[in-house]
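There are 2 protein chains.
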Amino acid sequence: MDNLSARRAKTLKDIAELAGVSVTTVSKVINNYSDVSDSTRAKVQAIIHKESFCPDPVASSLSGKASYSIGVILRYNPVWGLHHSFFYKVMFGLGRRLGQLNYDCVVFPDAWLGEPVDYLEKCVRRRVDGVVLMGVDFDSPNLEALAQSDLPCLFIDIVGDNYPGKNGYFLAWDHYQGACQAVDYLYALGHRQIGLLGGLPNTYPARSHRDGFKQRLSQYGLAIREEWIAGDDFTEESGYYAMKTILQQSSIPTAVVCQSDATAVGALRALEQAGLSCPGDVSIVGYDDIEVCRYTHPALTTIRQDTLLLGRMAADTIIECIREGCAPREQILPVSLIVRDSCRRIESNA
Amino acid sequence: MDNLSARRAKTLKDIAELAGVSVTTVSKVINNYSDVSDSTRAKVQAIIHKESFCPDPVASSLSGKASYSIGVILRYNPVWGLHHSFFYKVMFGLGRRLGQLNYDCVVFPDAWLGEPVDYLEKCVRRRVDGVVLMGVDFDSPNLEALAQSDLPCLFIDIVGDNYPGKNGYFLAWDHYQGACQAVDYLYALGHRQIGLLGGLPNTYPARSHRDGFKQRLSQYGLAIREEWIAGDDFTEESGYYAMKTILQQSSIPTAVVCQSDATAVGALRALEQAGLSCPGDVSIVGYDDIEVCRYTHPALTTIRQDTLLLGRMAADTIIECIREGCAPREQILPVSLIVRDSCRRIESNA
DNA sequence: CGTTTCCCAGAAACCGCTTTCGTTAATTAG
DNA sequence: CTAATTAACGAAAGCGGTTTCTGGGAAACG
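Chains B and G are the protein sequences, given in the same order. My numbering numbers the first residue of the first sequence as 1 and each following residue consecutively. My numbering numbers the first residue of the second sequence as 351 and each following residue consecutively.
It should be emphasised that the hints constitute simulated quantities derived from the structure, not laboratory data. Just so you know, nobody snuck in bad clues.
Examples of chain G residues toward chain B, derived with CB under 10 Å:
1) Y438
2) Q450
3) R475
Just so you know, even glycine gets a beta-carbon here, dropped at the ideal spot from N, CA and C.
Sequences are here, hints too, so could you generate the full structure?
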């Protein structure tokens, strides 16, 4: 059983002995110091490769270098119910990719109840090389300290413009295009009267989505009727009441596009309760492509955000940012339309 | 800004100076060594408390002691779609509780694609103090090495009897009682003809659930009709086909209890397709209380498993196991019935 | 040919904590 | 009152790396 006893990871010292050099030299090779001759460097590197050696992350971080770990700040929000699997997938994609890059991620859940956690303190203690924030909404004071610190931070799926960071990286979806795709699709089906079930109005996703929505309507020469635009946040409840409000108008749209699948589900409920059918009376396009879309009646046509991809991008971005120290920036990921059963073709009556 | 520069965590040395003793002594106080006088101990402890000092986990683990970190092995399974938020919540509950106990968790996602990860190696390198496994199904050879190692392992929501560990802890739900509650409820509503939509037959959850189901039926003097028992696994597809199979029988049950909400959703689809209504023709009790239950038509009556509680218990258990080194054992958590709209009262016709 | 550089390599200190081991002072025994 | 224990503390050597600093040998210089 070399499994039990001999199970001891190789150390710098082992490599040094194999190569017939000092520990110092091996370390220098690894850290790309210049004062190593080409021949020694090659010799050492050969052995490192042969033994597939990788410096101990714990020791490495203790001596002030990379810990090869990324902090992940998670948030649990009862309101997001339907959305949690979204985060799970992002997180999985992130973790998996990080693993490939030889990083691990350590998660810091939000406190949720009780005293708030000091993210910065936790990150410093764990010596993480960078931080990824998911589903945070900037209401925590402790978040700001983190964002203002020297630690590279990556904000995912941000909600809110006023992020506190000076050095934040953003990963977001192209909500503008998402809205465009929804409108394009509905227009192609013959819809000319289209409403919007929005999320938290002043947030980045909601606003860019709304902008895309209005842009397309204008482009097609359709009227933007403010009474067909409703909604407070991204929850199912909000969708329900928003739809109800719209249904009280003297004339109602033939289709609505939603800013989340949860609102779409709420809209569905409002329609049913009003004795209307989807897509018979009103067509609906959701947003997010969470699991439930497939199980609603009718199954929801929606805009997919590839969560595993997002996770992978997040990993690549934060690592690059750590290694290259690149400047803060924002990355926008494409979204795609997933057609299911919640939209119907309309006879020309524009 | 003591934020920036003075932002350096206290070290043993700082405490030692404040207390006027040596670093060694402080360390001994922390690690409960006996060769410290009561008075010094008290003095040092006072300062530790005052400064709310906690030894650096990285340094501590490097010198062979606790790393104050727990490894979490996550699995992403496309088949579990609807179930992912379940894991998210468990994980959140786990992480939050661990945080309270001053532990952090580092996650190791399953490889999913590409070469499998060597869990044991990862855990050893990260020097985690224990491991929690969620949603694994023991098909990975590398899992076995972990379970056979000296690392305390905790298996959550296990699927399968033949877990490979010699020192595993289990945290599971009381599926037996879950089934009983479902049957009791249906019986009280007047149902006398009850079927079962099962999951993977030879797994622990499925079998204990089935046992409870049959026990209750017998207890009430109801016939156990094998042709009303169907299902291959816990997916929506399985539920769909299982329900279809049952509907093909000459007589059909007035109610079915399911071993997962996903199967219940599938059953709902099969019913609708057959032109039958729920709960009009067939009542359904789900299992798990995942988010979708609230959004199906009708909303699903189901058996709730408190995921946040599970996470918390997992944290407490693994920590206790690490600290006290207690013997492997199995903990069974209670479940509870959540009544919604998928069951109806039946007039007496037994 | 003797000096001054430059190039490489290794010794040593350090990161923050644990643990062994030695030392001193106080206690008990003889 | 001395000898043998015992109690209490601290110096020092790790853990596995990183980094500074020192020094020897070869090349370049006068």
